[in-house]
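Trainee: For the protein sequence lines, the chains are A and B, in the order given. Using our numbering, the first residue of the first sequence is number 1, and each one after it goes up by one. Using our numbering, the first residue of the second sequence is number 1001, and each one after it goes up by one.
No lab work stands behind these hints, which were simulated from the structure alone. Just so we're clear, the structure is a prediction, and the values are computed from it rather than from any experiment. The reader is advised that the hints may include incorrect statements.
Just so you have them, the derived chain B footprint on chain A, three or more residues with Cβ under 8 angstroms [to be verified]: (1) 5-14; (2) 63-77.
Residues from chain A that keep clear of chain B, each with C-beta distances beyond 12 angstroms, as calculated [said to hold, decoys possible]: (3) A87; (4) R91; (5) G104; (6) G139; (7) K171; (8) G172; (9) D176; (10) I180.
The following residues of chain A were derived to be distant from chain B, with all beta-carbon distances above 10 angstroms [as the list claims (entries may be wrong)]: (11) G84; (12) E103; (13) E113; (14) A161; (15) T173; (16) S175; (17) M182.
Yeah, the Cβ is synthetic: ideal placement off N, Cα and C, and Gly gets one too.
So you can see what is in the structure, the chains are spelled out below.
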Amino acid sequence: MSNFEERLLAALEDEITTRTAGNEMTMTTPARRRYAGLSAAVAGVAAATTAVVMLTSGSPAFAVTTSADGTINVRISEFRDPEGLEAELGRAGVKAVVDYLPEGQTCKGPRGERGSATGQFQSSVGKDGGGIWFTIEKGQVPAGETLVLAVSKSSGGDDQAPFATSLEIVKGTVSDCEAIPMPAPDMRDGGGMQSGTGEDGPILHSRTEGSAPGPHTDTNGQDPAPTVTSQSG
Amino acid sequence: MRLNEDPAAFKAFYLRHVDAVMRFVARRVSDPHLAADLTADIFLAAVDSAHTYVPGRGSEIGWLYGVARNVVSAQQRKTAREARASSRVAGRRLMDDDDLVRMEERIDAERRMRGALEAMRGLPEGERAVLELIAIDQLTITEAAKALGIRQVTARVRLHRARRALGPVASPTTVYVEGQA
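Working from the sequences, and respecting the hints, build out all of it.
Mentor: Below, the structure written as structure tokens:
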């Protein structure tokens, strides 16, 4: 169920998160094109979930909204239909590859060359009633680059908070997702990740400044680059 | 308050007040789309000015209504186009058909209050503002004073003058909530 009040809350939360990061995008000319179809095959495990586009209740698994300033807000309430999300992001001008994997599995990295995003990159992955949301700034995923999202689902179900989430931007070709077991949890510390769990679950903010090492949010902590802070709810 | 830093605090704040804010807006505008935009704008303005909130002097709702008044009157001074261009979250775009119907119902429900607001237009601004918040928005004197950034005694004096000037319009029972202050 969703109504204006809930959607407004989501949009406001996204706006606040974006602003909290002191976002200063220097990119221009956002990719404004129709989704052209992705040849990238989805991993077998994820493909199995693609048959259902929408529940008969009419509750979508995800929502992609574009703000007046070009910011794209993405909310995923259920981790199914990754191709539908790819298509929806494509309609919003962002080429995307989305994979949903079983708990404890992730895609083998790297999936391709690092994106070219300069300036500040900010994405937020927060738990929201079991789902996640994140924000893509205008121009953050320019033409020729791809937003790559891999979610290790909860064994509790598609609508449960994910086990881990990885979000990165890849330049050029994106390799198919090769599902591998996730590294041991203690690697999180090596990745500079701290996560707090409160009433509303963990909320993770990741921000990377400058062109190197490039945007990368990875709750799996494979990459030591991002500066990650966390707030418990 | 750390509304802009603490997502959980913002969510709680929003859930506490969203209904009151929507009613506040519905009493002042008759366009449901504009009402949705203003609701979004008010919460964003609240986040922007969260540092101005001092707990203890009047309530949170008094402070929020002060913010809401500023947002609504700023909007009324601007053209619709300007207002929309400056809005970072376009509330109207978040409404589906059901929401639109509900917003129209809200606006309908507040018709009588909008009529009363209309009747107050002749009052001096300072007096009108106090009466508006107390008679229409049902704030206490303390809260209204907080919303307007004036002292309680000033609010009380202005309310008295406004009531005397207006008589019949300002005499519904809602005016007599000052006992709670």
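Trainee: Now look at each hint and say whether the structure bears it out.
Mentor: Cross-check of the supplied hints:
1. 5-14: With 7 residues in contact (Cβ-Cβ under 8 angstroms with chain B), the coverage given for the stretch 5-14 of chain A holds.
2. 63-77: holds (count 4)
3. A87: holds, 20 angstroms
4. R91: R91 (chain A) is indeed farther than 12 angstroms from all Cβ atoms of chain B, at 15 angstroms.
5. G104: Holds, since 27 angstroms exceeds 12 angstroms.
6. G139: Holds: least Cβ distance 17 angstroms, greater than 12 angstroms.
7. K171: Nearest chain B Cβ is 30 angstroms from K171 (chain A), so the label holds.
8. G172: holds, 33 angstroms
9. D176: holds, 35 angstroms
10. I180: Nearest chain B Cβ is 32 angstroms from I180 (chain A), so the label holds.
11. G84: With a cut-off of 10 angstroms, G84 (chain A) remains clear of chain B, as the shortest Cβ separation is near 19 angstroms.
12. E103: Nearest chain B Cβ is 25 angstroms from E103 (chain A), so the label holds.
13. E113: It holds; E113 (chain A) is separated from chain B by about 33 angstroms at its closest Cβ, greater than 10 angstroms.
14. A161: holds, 15 angstroms
15. T173: Given a closest Cβ separation of 35 angstroms, the condition holds.
16. S175: Holds: least Cβ distance 34 angstroms, greater than 10 angstroms.
17. M182: holds, 26 angstroms
Every hint, counting from the list given before, is met by this structure.
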